[in-house]
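For the protein sequence lines, the chains are Y and A, in the order given. Numbering-wise (our numbering), the first sequence opens with residue 118 and increments by one. Numbering-wise (our numbering), the second sequence opens with residue 37 and increments by one.
These are computed hints drawn from the structure, not numbers from a lab. Treat the hints with caution; some may be incorrect.
What follows is a set of in silico ranges between Cβ atoms, one per label pair, in the way DEER data are often shown [claimed, not checked]: (1) D654/A to S200/Y: 21 to 31 Å; (2) V723/A to D133/Y: 24 to 34 Å; (3) A319/Y to V723/A: 42 to 52 Å; (4) G335/Y to R343/A: 54 to 64 Å; (5) S38/A to D183/Y: 55 to 65 Å; (6) D382/Y to R343/A: 38 to 48 Å.
List time: in silico DSBU-like cross-link candidates among lysine-lysine, alpha-carbon distance up to 35 Å [said to hold, decoys possible]: (7) K779/A to K342/Y; (8) K307/A to K158/Y; (9) K307/A to K302/Y; (10) K118/A to K302/Y; (11) K53/A to K197/Y; (12) K53/A to K158/Y; (13) K786/A to K302/Y; (14) K350/A to K118/A; (15) K786/A to K342/Y.
If you want the ones that stay clear, here's a sample from chain Y, every Cβ over 10 Å from chain A, calculated [claimed, not checked]: (16) P202; (17) R325; (18) R377; (19) A403; (20) G404.
The beta-carbon is built from N, C-alpha and C at its ideal position, and this holds for glycine as well.
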Amino acid sequence: MLPSPFAFERPSTIADAVSAVGESGDGMFYSGGTELLLAMKLRVIHTDRLIDIKGIPGLDRIVLNDANDIEIGARCTHNKIASDPVIREHVLALSSLCANVANVRVRSVGTIGGNLCFGEPHADPPTMLAALDARLVLNGPGGTRVVHADDFIRSELETVREPDELLTVIVFPRPTGPVTYRRFKHGERPSVNVAMAWSLAAGGRTIRSARVRVGALGSRPQPLKAIEDVIQGISVSEVRPAIEAVLPTALGELEVNEDRHGGADYKRHLAGVLLLRNAEEAIAAAGNA
Amino acid sequence: MSATDNMSSVRPDLIEKVTGRAEYVTDLTIPGMLHGFVVRSPAIHARIVTIDTSAARSMDGVLDVLIGEDVASFGCWGVVLKDRPILATDRVRYVGEPVAVVIAETIEIAQNAAELVDVEYDELPRATTIHEAIAEDAPLIHERHENLEDFYFKGGARPTQNSNIFHTYRNNVGDVDAAEAAAAYIHEDRFTFPAISHFAMEPHAVIADFQGDSLTVWAGAQTPTAVQKVLSRLYGLQLAKIRVIVPFVGGGFGGKASVKIEPLVAAASWKVQRPVRIAQSMAESMLTCRRLGADITIRTAVDAKGRILAKSAKLLLDGGAYSDTGSAVATKSANRIMGPYVVPNLRLEACAVYTNTVPGAAFRSIGGPQAVWAKESHMDNVAAAIGMDPAEFRLLNLVSRGERIRPDLRPLDMDMSDLMGRVTRSFASEVQASNRQARGLAVAATDPANTPISNAIIRLKIDGSILVSVSSIEVGQGAHATMGRIAAQTLKQPTSAVTVLRTDTAVAPYDWGTGASRSTVVVGLSVESAALDAADQILEMVADVWELPRENLSLVEGGVSTGSEVLTFHQIFHRALGVDSGEVIGRGAITPRSKKGALVESPLFWETSAGLAEIVVDEDTGEIHVPRYASAADVGRVINRIAAEGQDEGAAIMGLGHALYEVLEFEDGQPINATPIDYSIPRISDVPPVLDTILVENGDGPGPGGAKGMGEGAILPVAPAIANALFSTYGIRITDLPMTPEKVWRALQKRN
Chain Y
118 MLPSPFAFER PSTIADAVSA VGESGDGMFY SGGTELLLAM KLRVIHTDRL
168 IDIKGIPGLD RIVLNDANDI EIGARCTHNK IASDPVIREH VLALSSLCAN
218 VANVRVRSVG TIGGNLCFGE PHADPPTMLA ALDARLVLNG PGGTRVVHAD
268 DFIRSELETV REPDELLTVI VFPRPTGPVT YRRFKHGERP SVNVAMAWSL
318 AAGGRTIRSA RVRVGALGSR PQPLKAIEDV IQGISVSEVR PAIEAVLPTA
368 LGELEVNEDR HGGADYKRHL AGVLLLRNAE EAIAAAGNA
Chain A
37 MSATDNMSSV RPDLIEKVTG RAEYVTDLTI PGMLHGFVVR SPAIHARIVT
87 IDTSAARSMD GVLDVLIGED VASFGCWGVV LKDRPILATD RVRYVGEPVA
137 VVIAETIEIA QNAAELVDVE YDELPRATTI HEAIAEDAPL IHERHENLED
187 FYFKGGARPT QNSNIFHTYR NNVGDVDAAE AAAAYIHEDR FTFPAISHFA
237 MEPHAVIADF QGDSLTVWAG AQTPTAVQKV LSRLYGLQLA KIRVIVPFVG
287 GGFGGKASVK IEPLVAAASW KVQRPVRIAQ SMAESMLTCR RLGADITIRT
337 AVDAKGRILA KSAKLLLDGG AYSDTGSAVA TKSANRIMGP YVVPNLRLEA
387 CAVYTNTVPG AAFRSIGGPQ AVWAKESHMD NVAAAIGMDP AEFRLLNLVS
437 RGERIRPDLR PLDMDMSDLM GRVTRSFASE VQASNRQARG LAVAATDPAN
487 TPISNAIIRL KIDGSILVSV SSIEVGQGAH ATMGRIAAQT LKQPTSAVTV
537 LRTDTAVAPY DWGTGASRST VVVGLSVESA ALDAADQILE MVADVWELPR
587 ENLSLVEGGV STGSEVLTFH QIFHRALGVD SGEVIGRGAI TPRSKKGALV
637 ESPLFWETSA GLAEIVVDED TGEIHVPRYA SAADVGRVIN RIAAEGQDEG
687 AAIMGLGHAL YEVLEFEDGQ PINATPIDYS IPRISDVPPV LDTILVENGD
737 GPGPGGAKGM GEGAILPVAP AIANALFSTY GIRITDLPMT PEKVWRALQK
787 RN
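Could you put the whole structure together from the sequences, leaning on the hints where they help?
Shown next, in the form of structure tokens:
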């Protein structure tokens, strides 16, 4: 199937792109197109104008900035992030996540920004970026605003981004402890995924704070607050029993959809399995640090 | 030899395919061609109240909209039961059934206009599963059954009037009740098998050009002569006025066998009297046909030593909304659930039932994966119940070479214990990484419906080049390369001298069709026979013109040896015909009477396989990994090793898909994963890292050089072999495919 006819523009600045999309939102931003074009071909998304952002310089940069934050341009492809030296040095788990997103075709043209803006619940990057406490920079006609990754996806296939706001950059603090990510999938998309980021106290034996996010179970990534609380301030060696003690309660609090990816009890159980495997990896990494 | 020469020597079509030059239906453009887009039923079972096409018709670029009423007078069609309208007329029977075709200048216009076709439905009571369909008060999906005896297959369907059962097959041997009464142990199991999509890379695509009393159809059809015959009956045209042209086909697996969308596209062309193309998407093809699901009860009685005394099986097959070849699938599923074991008393019953879902169709080893899934899982259960090793239990009960599995079928023509030994030795050859022997074995012996009817034409040209014309379809399996090799070898010429024509029924002689593992054997024999006929003519020419004794003459590369010299084909034709031109035309025909009747008995050969799987289960998630798999098949003689191994490996990985991933799901009749996004098949990363393919060659098959057919056997043992490994090592028995992680995890939870 082919999409309905549409016009195509390729502006060279963010401001031009934003004004090209227009207030009424009848145009749409386009970069990799791996989700958008598919949806247009299936006729579930209709638009009469695509605004290609690949002509805007700077949106595919990855840097560690002076504030010790890592910035990822929104139109970086999964492949670019996977092989980027900054990401590989500071967040290897994000590099390997991107190296395994979807399939080779999606990785070579699909972008991290596109992935986020599509709001697909069964996706890898949103869970990880929420665990990394990422901020998303949106440029609109009225200026720039920053949204936390946790607040970006509102519900299934819906984000807080206005149609005329362009996601330009994703920023997160350089991790100061192990970052781990695991997913379980039996098919194209992950059934459940778990990301965990620890911040370690000086000496590297104690967890100063932790962020744990579970994705794909509900409409958006969810924090495992009970897990975060129980491992905060404890020694790395005490992590496993501490998690196990609160795990059933923590998992019980997750919102879990029953869908083709499995029954709620199974997926809850998988979240626990992945979390404990992440913990093992993080403990080993902390031990080696 | 360059890489491209090397590829061409394996198969001449490989270079064409990897360079994109190979032409498929969607690469063709016919002058004046229009595009059709099918409007499909969103309703599961409903009466069509009204169809309003006015908005669609008024769109710029739309020529016409075809609806059922336009073509109702042509009546229904089918290949076994005449149950299928060209286009739904008063009623739809499944989600996805065509209800209208928008015909426009471009695909885009047709598709946009299709959204404007307004159809009002009035829902009817439905039967969406086997059990709903055979329930006492089930709504009838078809009110009457019109059988077409000997139309496509020998025989026909045996429908039960006033029911949804459109075919029942029974076969009884001996006295099962008496044997069970005397048995030391009786074990019964029930297994289910889902609907599975063919998932060919090329969806169904057809161009039809109706011109007065003649019709030309370009289609990726596996059985072009069946397409020709159905179109002839349906539209009242002479067979000679219908031309079916089959370019390259991007995979069929049975999903392009018999007849699919050709009558519909022909109707669209008839309506506008111009060529019309309908090229379906993959999602549309997933709503066009699929493998029949099954519900199977199987019972075995054994004596105190573990010898099988009796077996009974009842197989219920979900045939979907239209019968297609579902009746044959049911019959074959019963035949394929027996062997390769000695079973003195047998009670087999298979029923195919209509349901309000996508029509069932032939699919690689029809009825085989369903039957073998049940029987080989059951064999391990019986062995466990009587405390025997499953391999020993099989060996004790195997039919030997030359013995009959059932009195009405040809004796077994191979040695199954040899295949079992070979897969076992394949594993023994490598050091065992873990001491946990999570292995499972399964074997299969199936009776392909090879239908020994085929013709071939071979033309030997003055320059020594050779044209082979057959109705066999190059569907990706390498049939044309095989035909080329048989012709080359028989005529003693290099394979590079041979061109095998893409099939065009205006040129190619009649053949039954491409399926049932029959091409190498049946069509191959007709090619061999045509080559011998051509050889005969050229040798006769030399004997006659040069006045030499015929017995001194023999074919050599480029010509004929007289014993003392080599005459080139050029010299022979020039002197014999007086001009520097000419060719001989060899004809080969295979009928059930050929080879002094040796081809009459069914099956022509047994298609057999053994599979041994090693698995590792992540018990926390239920995910099965298959690090190693060995597949063995007795193929008689390998004609093209790379192609043969490729077919066998492809079949095994398709079997892996059936085992672990694939199910076309319906919720109350609504398809819920009929798109390539939601439907899972194995990826290359899922293929067992160690995959051993063993082809046994004893030169004892009925085909050229002693070949048997192949390509459908290796799909069979995979699922039960994996399930048996799960059973023996992890203590769980899965009875429903696919063995998804969740299913395995739940079974592990239950075990604990």
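Tested hints:
1. D654/A to S200/Y: 21 to 31 Å: Cβ of D654/A to Cβ of S200/Y: about 29 Å, so the range 21 to 31 Å holds.
2. V723/A to D133/Y: 24 to 34 Å: 48 Å, violated
3. A319/Y to V723/A: 42 to 52 Å: For A319/Y and V723/A the Cβ distance comes to about 48 Å; the hint holds.
4. G335/Y to R343/A: 54 to 64 Å: 57 Å, holds
5. S38/A to D183/Y: 55 to 65 Å: 57 Å, holds
6. D382/Y to R343/A: 38 to 48 Å: Given a distance of about 45 Å, which is inside 38 to 48 Å, the answer is holds.
7. K779/A to K342/Y: Status holds; Cα separation ~30 Å.
8. K307/A to K158/Y: 28 Å, holds
9. K307/A to K302/Y: 48 Å, violated
10. K118/A to K302/Y: 44 Å, violated
11. K53/A to K197/Y: 31 Å, holds
12. K53/A to K158/Y: Holds, at about 26 Å.
13. K786/A to K302/Y: Answer holds: K786/A to K302/Y is near 23 Å, not above 35 Å.
14. K350/A to K118/A: 26 Å, holds
15. K786/A to K342/Y: Distance ~31 Å between K786/A and K342/Y Cα, so the pair holds.
16. P202: Holds, because the least Cβ-Cβ distance between P202/Y and chain A comes to about 26 Å, which exceeds 10 Å.
17. R325: Since the minimum Cβ distance to chain A is about 30 Å, R325/Y lies beyond 10 Å and the statement holds.
18. R377: 7 Å, violated
19. A403: Label holds. Min Cβ-Cβ 23 Å, cutoff 10 Å.
20. G404: For G404/Y, whose nearest Cβ neighbour in chain A is about 23 Å away, the distance exceeds 10 Å, so it holds.
Of the numbered hints stated above, those contradicted by the structure are hints 2, 9, 10 and 18, listed in ascending order.
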